[in-house]
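Asker: So you can see what is in the structure, the chains are spelled out below.
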Amino acid sequence: MSAVTETEKNINTEKKTTNRFVEVAKSLMKNKLSLIGIIIITLIVLVAIFSPIITSYGPYEQNLERTKLGVGSEGHFLGTDNYGRDMWSRIAHGAIISLLVGLSSVGIGLFGGIILGLLAGYYRKLDSIIMRFVDLLFAFPGILLAMLIIAMLGTSLVNVVIAISIWSIPGCARIVRGSVLSIKNQEYIQAMKTVGASDLRILLKHVLPNCTAPLIVYGTMRMATAILSTSALSYLGLGAQPPTAEWGAMIAAGQDFMWDAPHISIIPGIAIMLTVFAFNVVGDGLRDALDPNMDVNN
Amino acid sequence: MIGMIVRRILQLTFLLLGISFLVFMSMHLAPGDPATVIGGPNATSSDLEAIRDKMGLDRPVLVQYFDYLGGILQGDFGYSYQTNQAVTEAIITRFPTTVKLAVASMVVAVLIGIIAGIISARKQNSWVDVTSTTFALVGVSIPNFWLGTILILIFSVNFQLLPVGGLNSPFYTFEGMKELILPAITLGTASAALIARMTRSSMLEVIRSDYIRTAKAKGVRKRPLIWVHTLKNAMIPVLTIIGINFGSLLGGTIVTEQVFAINGIGRLMIDAIAARDFPIVQGTVLLIAAIFVVVNLIVDIIYTLIDPRISYD
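So the sequence lines, in the order shown, correspond to chains A and D. Under UniProt numbering, the first residue of the first sequence carries the number 1, and numbering increases by one thereafter. Under UniProt numbering, the first residue of the second sequence carries the number 1, and numbering increases by one thereafter.
Only chain D is shown next, with the shape it has when bound in the complex:
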């Protein structure tokens, strides 16, 4: 077990190195000269030369990469071409908002998804089941930026119940909660749909298994049968889906932040892509990818803890 964890962490280190190399190289192979972005439209050729010299842009790419890597290890992700702000600082100020959004959406997704899935499985083929599976199918297909727009139209414009956008108040205040509701539903719907589908099929599979039949035959009552015996084993594949989904949820924050004008990592990244502000793009992409692979590793480790049948050795 510990051997597995150590090995996986080692693999993770190489993967992170690979990611950083890929991100760095793709920004470097991008057409366009960073010096012109920094210098602005009025920079003369000697200005550009001076910028290149100062930033070390004329050195070999690999040297620049190792330089960048060394910086990362010391928490230095470079400086924004546009504002000259430290990338680390820009990320740190925006990061909590994105985490807040991602966690709230995951909570919405897990709650709705698992409850809908369990009810569907228990009342298979009833109208509740049909409604919930249909919603699950539509939920995966709905563009979340559009759903967000519609929710704003209904709850903010028409009924004026919830704010149009922004996540500015702390989440534990009433205002903060109100601000979180629409973005969390917008981002959580697709994941809720996937989790509901997975919970339903997994529960049905376990309910039909031999050991549940035996438990039933031995007189275990319905409630403990569902909540203790079935759910425990049915949750393992659901956990996989939640883990995999966390990635698309992180990707989704980028879009949702744009819809609700939330100043998180996603908006920072989109603005940077449009302005070709490569240090910011590098920093944000690296951060999101790193969180993604680390979360995947944690999910893998949790599997082995909850299901001793799974072994990575």
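Chain A extracted, bound-state conformation:
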């Protein structure tokens, strides 16, 4: 035990002691687009957290005497929908749904991807089995894998989370496996092995931290994809069902009123676009700051 911790101590003192986090944050702040992205994300998070306080109506509260009010109406600055529900309350509530679905599906996807990637990269015997499985998941273009999973499990928002999680696994597994392969044979890992550190300890304390940078970038980009896909699936009627105040479902419901109340569909679309844009530009900025050569197209 003491030999292991001693070796770890030596390894850690050799590592750069400059605070990486501050460096990355500085470089992010310098990038104008990333800064805009960070501001948008902060605002959306604040809206989601404080939605009960900053809205005067419940997202499902109907008022059939005041339906389809336009933007800027008295008491409803984003107007109302065809049931007289306050658009601002529904948008704010939709922010909670989008962020929660995004965070949970990306979180679960990363967890699964990290485990598969670590196993595949570290244990040669498991490599080909796991990576063939990953290749198989990659054979489904875009949103199709998510749709297949929803076809199997049935349509609901929870199943959308499961579907997008599984869809996030292969990309993450590939990134982690790549990182593991590139550092597995480095001297300090060999040193840890020689002094008798367990595989689990090496993987978690020494291998995994090396994958953090690409994983943060991947996770941020995935948030954008997850939020966009959730809304698309709900729009298609495969995710959140009406009357849920989910942005994609709101666009679908508003389509019948494009003639006389187009704002019912337009506003949630802007909300999706801003959120996805913000995560995309922050992801770009993070990539530039952390690892310019990284390829996250997968």
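Read the hints as simulated data drawn from the structure, not as lab findings. A couple of the hints might just be wrong.
Distance condition first, Cα-Cα at most 25 Å in a straight line; then the derived PhoX-like pairs of lysine-lysine [unchecked claim]: (1) 125(A) with 9(A); (2) 216(D) with 123(D); (3) 32(A) with 9(A); (4) 32(A) with 216(D); (5) 216(D) with 30(A); (6) 232(D) with 222(D).
All of these numbers come straight from a predicted model, not from anything done at the bench.
Let chain A serve as the given structure and place chain D on it in line with the hints.
Answerer: Chain D only, in chain A's frame:
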């Protein structure tokens, strides 16, 4: 080279087998009994038993899978639970529409993307560049079903210039062209944005390379320098993006078809998912995934042809 192609085709065969197994199993593990879908709400338990017996649903799953696989090899993808129509037939009637949409969108994406990318790279940091890169960023973030809705609102509802939906006329007629414009822009925008970004960065990288500097020093004029020397090498990564993108474009057709009420494979699939009509879901998912992997293989082979530096051996 030929060895590589043969090996890749062999790998592709295994991948297709894997896909078919995964799709079949996921439909089989799905909760709910197919017999109840076929029999409808009024079926008695003996009716259901008869359906299970007739369809072979009570046999072991693996036997059913190999049976299904054997059918596929003969072009038989089973029958729809709802309409009893042959899946092959349902797909064949809808497939041309989806191909039309996908190809038109790809044309829009490649044209806009490459031209915008080249202009951006040539006039780096000018207002044209800033506008085009901003549009590229927004284009990736815009939900395409929403973009489609907005386009319908502007061009079909307000100005009444273009039809609201459907792809019913042949594409070479004026009507057919008009029907294609909005769906192709809707589906092509995100890909155009990605292609523009890739073309721009790739062009900039090549422009800064040693051999372009040498060519410039030797007095090659600006036009051939850009169009012949730079573009040729800059297009290789762009081709990757186009290849990768074809997949999301295929996935995107599913959504776009819904927006414009186009009777293609995507709508067939969405309706089937909602109705739990598994043979149709299996058939459509298999088809799209198969096209995707085959296109990827073709793109890989094209790389080696246009860039002798890439080798898969």
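Asker: Work down the list of hints and note, for each, if the structure agrees.
Answerer: Hint check:
Using a Cα cut-off of 25 Å, the hinted pair residue 125(A) and residue 9(A) is violated, with the two alpha carbons roughly 31 Å apart. With a CA separation close to 17 Å, the supplied pair residue 216(D) and residue 123(D) stays within the 25 Å bound. As the CA atoms of residue 32(A) and residue 9(A) are separated by approximately 39 Å, the hinted pair breaks the 25 Å bound. Distance hint between residue 32(A) and residue 216(D) is unfulfilled; the C-alpha atoms sit about 34 Å from each other, more than 25 Å.
Restraint check: the Cα-Cα separation between residue 216(D) and residue 30(A) comes to about 34 Å, which exceeds 25 Å; the hinted pair is violated. Note on residue 232(D) and residue 222(D): the hinted pairing holds, with a Cα-Cα distance of about 15 Å set against a maximum of 25 Å.
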